[in-house]
Structures are given as C-alpha cells and as structure tokens.
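Protein chains: 2
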Amino acid sequence: MTSTPAYDPSLLTGLSAFPLTPLTGETLDEDSYTGLIERLVLAGVDSITALGSTGSYAYLDTEERARVAQLTVDSALDIPVLVGVGALRARDVLTNVRSAEDAGAQGLLLAPVSYQPLTEDEVFELFRTVADSTDLPIVVYDNPGTTHFTFTTELYARLAALDGVASIKIPGFPLSPAGWDERIGEIRAAVGNEVTIGISGDAHGAEGLIAGCDAWYTAVGGTVPEPLLEITRAAELGNADQARELSAGLQPLWDLFAEFGGSLRVSAAIAEHLGLVGADSLPLPVRDLDASAKRKVAEVADHLDLG
Amino acid sequence: MTSTPAYDPSLLTGLSAFPLTPLTGETLDEDSYTGLIERLVLAGVDSITALGSTGSYAYLDTEERARVAQLTVDSALDIPVLVGVGALRARDVLTNVRSAEDAGAQGLLLAPVSYQPLTEDEVFELFRTVADSTDLPIVVYDNPGTTHFTFTTELYARLAALDGVASIKIPGFPLSPAGWDERIGEIRAAVGNEVTIGISGDAHGAEGLIAGCDAWYTAVGGTVPEPLLEITRAAELGNADQARELSAGLQPLWDLFAEFGGSLRVSAAIAEHLGLVGADSLPLPVRDLDASAKRKVAEVADHLDLG
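Note that the protein sequences, when read in sequence, are chains A and B.
Under the UniProt record's numbering, the letters of the first sequence match residues 1 to 307, in that order.
Under the UniProt record's numbering, the letters of the second sequence match residues 1 to 307, in that order.
Hints were generated in silico from the structure; no laboratory data involved.
Each hint should be verified, as a subset may be incorrect.
Identical copies look the same in the list; a pair holds intra-copy or inter-copy alike.
No farther apart than 25 Å at their CA atoms in a straight line, the calculated lysine to aspartate or glutamate pairs in the DMTMM-like style are these [unchecked claim]:
#1 K296 with E30
#2 K296 with D142
#3 K296 with D74
#4 K294 with E259
#5 K294 with E101
#6 K294 with D8
#7 K294 with D29
#8 K294 with D121
#9 K296 with E154
#10 K294 with D163
#11 K296 with D255
#12 K294 with E26
#13 K294 with E186
#14 K296 with D121
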C-alpha cells in the first residue's frame, strides 16, 4: 500500500489500555466507569480501548455500547479512544460502528465473534464490510480463547491489504525470545510496515514489544496502568533487560491469570480491592471470583503495590 | 426426585425437529418460517424446537426471538413447541424465557452460550436462575462446538436435580454401539429416570436412540423430517437393525455435514433447493455454501429423495 493513512500512524502504537465496564446489577455503573477512564488519562496511556473483552462488549446490547463509547470519549480528554464493535451478527457490528463514530472514537477494534464456526472467507467478508462502511482505522482482534476463531498468517495478510485495517492484535504465546522474533518477523512479512502489530496476553507483553510489536493491547493495564506503562516505555527505549525485569516482577500477577481462568475476573477483583468498582460488577452469568480467590488477589495487589 | 412433573413426561421424547429461522436480508422471512413449521406439523413430528442452533437463536435479538416464538406456537397446531432461550447474558436469557412463556411454549431449551469461558458453578447458577423463574420444563443444551462449554457428567447430575430440568440434549460422538450403551448408561445413572436424554448430531441419532436415548433433537429433521421420523419410529419399536439401515442410507447426507462444517449451512442449502427458503437466508457473517457446494448438496438431496 502506498496511500497515506487517513489517521495518525502513531495512534495504534504504545500502550492501549482496556478498561472494565462495571455493572451494578444489570445497569451500567457510569460513575465507576468514568473513574476508570480518568485514571487511565492521569496515568498517560497512549490510547484507551473501550469495550474490549475486558470491557465485556459481547454481553452489552447496542444501546449500552453506544453509551459506553460516548462516556469514554467524553472522559478521555486528549487521549485517543478506540471502541470494540464486534458482535455475533454483522448487522449489530455495523450499528456499533455507527455509534462509535457518533461518539467521536478514533479507531475500531473488531473481533470475529462466533457461535457457528466461521470460515476464513466469512471473516474476511465481515472485515471488508466494516472497512467499506467507515473511515476509521480498524484493529483486527485475534483472540481465539473467546471468539473461537483461529486466524492464519495468510488471513492476516489478506486483511492487512484492506484499506482501513491498521493494526493486528495478536494473542500472547509462551515462546522463547527467539521464538517471538521469528513469529513477529513472520507476521511483519505478511502484513507489511504500515499495519501495526499489537501484543495482548499481559504476561507476554514485554517479550512481544521487545520482539518488535508496535503496541501492547493490555487487559489488566486498563485497571493498573502504571506498571505496564513502565514496561512499555522501557521496551520503547530499547531497554530489553529492564522491560523483562519489570515484567518478571509482576509474575505473581501473571500467575493469578493462569490460576483463575484469565485476566477478566482477576482485573475485576483488583478493581474492587482498590475501591474502583463494586462487588459483582461482571455481567451474569459471569461471576466474581469467590471470597478466597479475592483474598489471594488482594494480597498480590498489595504485595506488588498495584494501584 | 419423587415429585410429579408439572408437564406431560412424553413431551421430551421422540423426534424434536429444529427448524431454520430464515432471513431475507436482515429481516425475518415470516412466510418461509411458517411454511417450515407447517411442514413439520404435516410430517407429524413429536415436538418442534424453535430457535435452536439451527434456528440461529444466538444471532437474533430479544424482539426477533419473541416474534419467532409466537409464530411457531401459532403455526404448530397441537404439536408441542419448545423455544431456545440461551444468550450470552443472563438478563437476555430471562427476557427470552418471558417471551417464550407469553407465546405459549411448552418447554425451554437452554444452552450456556459463552464468550468468556464459564465455570461449572457459573453454568449451574444460570440454570438455577432460569429454573427458579419459570414453571416450564427445561432442556439442558450441551453443544460444545458452538457454546464452547464442556459439560461433565457430574454437572449433568447437579442440573438434573434442579426442579424444572427435564431433559439433557447431548452431543453426538463417533462411538461403537457398545460405546453408546456405556455412555448412555453412565448418563442415565447420573441423571435418573425422570429426566429424558436426547441425542443430537444427526449422524449419531440412530445409535443414540438404540442405546436408550428418549429423544432425538434433530437439526436437519427441521428441514426434512420424514426420513428422520422413520429412523425414530424404527428405534422406538425396537427395530435396531432397521433403524441402523435407514441411517446408513442417509450416509451421503451425514458426509455433507462432515465436509461442509456441520448441519446448518447444509440444511439451509437443502431448504433452498426444495424451495422452502430463499438464498442467503442465514444471518451474516454466516454465509451460504458456495455455488459448487450447493450443487453437491442438491445432488445428494435429489439422490436421497429428501423432501
């Protein structure tokens, strides 16, 4: 691609923080939500991605999602806001695109959420439909643990060739540093230099950035941004050893994710412990960790001085 | 459990047919839908389950689902109607329960649809919440290929002990007849005799019924009920050899499911070939089979004299 992107290419680099979307009962807890956004603004994150998996997008209806998009943009001051627009049905994806545009979002995150397993062509056509419908840059959201769709590197390449696709959010893997170099090199060769690559899976953020990822799309960084920003800045300055050391210092946090089924319930427990959200802030049937697990999370949060 | 069920125990036995929910563009194709229901009534199925996976429930909003539930009951004459009420969010499940009740459904089908992986306790609490909210009997819908939740036999037993849980819909597996006997015996021991066991996975229906399943929850039987009713009646009469022979005669149909990623797109292609629904009746991003695959489906449908 030789055309000039219609957006600032730095938009999809650095640390993008994924806030929780706390509920009270079945209702959006707007005060807590804007508190989370203000916290990210104060920390100086590079962008905020509302309505990622951590933001429970898949559980919210189109009206709730429009409201969250607007609250985010209204609270984010000059920090760019990306909005997750994925949904099981393409019709609802397009509705979410319109509400994100109306809110003033600067970019979109799109996951191929599936119930019936989707084919590569179906996923490609979904992204093409969205890209044709908006001028906002699109982050391709690869998260097989939740969407149950597995991207191939070839599909990354097909999507990267679409006008509008601006970044690929890849899942973390337990690879060696050399393994990360190889994997990121392979993706870079497939998607070119005008599409950024962002790592997710918080335990793997440091290695991903060191291996050449442009961005860290971080779940727990939406709740405790500072330690993840430190790692990001170290990696951006080329201080690989420092980035690794900082990430290793957070190992008790990464261990919690492994023990308690991922980052969502742990992030909610940290946010509750820090007084940022209430108990039972997740959308049922998803539930809080039990009391004993919450105590363990609180101990780790205190030990690591999170928040 | 010694209490008398509040429903006719024969409700959740025999052949329950799962119709497609055809769309025209993004709009429910009501005429085609009621045509599909009338066809099932004429065939004499034992029950109709609207809004199963084959009925694209996961893609429809609560208003669309209320409408489909009502259309089904209104068209089904004296055939009992079950309605799928699953949704990612518990709030929406309960809304669907209310609309199914309002429509006059005689039972509910509930799948633990997941985006964030759910724990056993979260799934149990979802079923308990629904069972506490309705007097209608509930079919537990185990379909890991779409819901991405895997039931244990122990969880079947916990759920079967809930007042209101009346049937377990189990996925099909490629087991030997002896393997099926063992598996169904194991489930029967776990759930007791007052909860029916229903087989799904159409290629495995005959073996499941022969091994003692009480019901066949059939996807393609929502589109071509007669040949599946023949198998069901043979098994019910104890004619295992005949049931197996009839199922083996449909092997070209089972092979299509294996080749084309399951029964949904194949069922839609058969329905289109038979003039029951239009092209592109599935909810985007799910698409029709391509032209060459549709030709193959049409050839098999003609060869087997389906419809």
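Quiz prompt | Same-copy or cross-copy closeness of K294 to E101 [CA-CA at most 25 Å] | solution = neither (38 Å within a copy, 38 Å between copies)
Exercise. With 25 Å as the alpha-carbon cut-off, assign the pair K294 and E26 to within, between, both or neither.
Key: within (22 Å within a copy, 44 Å between copies)
Quiz item: Is it within a copy, between copies, both, or neither that the alpha carbon of K294 lies no farther than 25 Å from that of D121?
Solution: For K294 and D121, the Cα distance is within 25 Å only across copies (16 Å; inside one copy 43 Å).
Quiz item: Is the C-alpha distance from K294 to D163 at most 25 Å within one copy, between copies, in both cases, or in neither?
Solution: Classified as neither; 45 Å inside a copy, 32 Å across copies.
Quiz item: Between the shortest in-copy and the shortest cross-copy C-alpha distance, which are at most 25 Å for K294 and E186: within, between, both, or neither?
Solution: neither (40 Å within a copy, 36 Å between copies)
Quiz item: How would you label the pair K296, D142 (within, between, both, or neither) given a Cα cut-off of 25 Å?
Solution: neither (30 Å within a copy, 33 Å between copies)
Quiz item: When no copy is named, should K296 and D255 be tagged within, between, both, or neither for a Cα gap of at most 25 Å?
Solution: within (11 Å within a copy, 51 Å between copies)
Exercise. Check K296 against E30 for me: Cα-Cα at most 25 Å, and say if that holds within a copy, between copies, both or neither.
Key: neither (28 Å within a copy, 53 Å between copies)
Self-check item: Intra- versus inter-subunit Cα pairing at 25 Å for K296 with D74
Solution: neither (35 Å within a copy, 54 Å between copies)
Quiz prompt | Identical-chain pair category, K296 with D121, by Cα at 25 Å | solution = Answer is between; shortest inter-copy Cα gap is 20 Å, intra-copy 44 Å.
Self-check item: 25 Å Cα threshold - placement of E259 relative to K294
Solution: Intra 12 Å, inter 46 Å, cutoff 25 Å: intra-copy only.
Quiz item: At most 25 Å between C-alpha atoms: does K294 with D29 qualify within a copy, between copies, both, or neither?
Solution: Result: close within a single copy only, 21 Å intra versus 49 Å inter.
Figure legend: structure checked against the earlier numbered hints; hints not met, in rising order: 1, 2, 3, 5, 6, 9, 10, 13.
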